[in-house]
Amino acid sequence: MRTNIEIDDKLIEEIKLHSKLKTKKNIVNKALKSYLNELKRRELASLAGKIAWEGDLESMRET
2 MRTNIEIDDK LIEEIKLHSK LKTKKNIVNK ALKSYLNELK RRELASLAGK
52 IAWEGDLESM RET
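My numbering puts the first residue of the sequence shown at 2, with every later residue one more than the last.
Hints are computed from structural coordinates only; laboratory data are not their basis.
Among the hints, a few may not be true.
[As the list claims (entries may be wrong)] Calculated lysine-lysine pairs in the DSS-like style (CA-CA distance at most 25 Å, straight line):
1) Lys31 x Lys21
2) Lys41 x Lys31
3) Lys34 x Lys21
4) Lys31 x Lys51
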């Protein structure tokens, strides 16, 4: 999808210096993927202690 957005040029240049990403498109896509992964990690972490475990680890280890 083609979109026009204003991006801080200083941030883009700093990212280029500290990463292997060299295009604005790659930098924005990487940032979006990283943000989505962070949201998914938070969602998963919020489930901690809310799901009951059902299973037998010993029998699973034997197979």
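Quick rundown of the hints versus the structure:
1. Lys31 x Lys21: 11 Å, holds
2. Lys41 x Lys31: 15 Å, holds
3. Lys34 x Lys21: OK: Lys34 and Lys21 at ~16 Å, within 25 Å.
4. Lys31 x Lys51: 31 Å, violated
Of the numbered hints stated above, the single one contradicted by the structure is hint 4.
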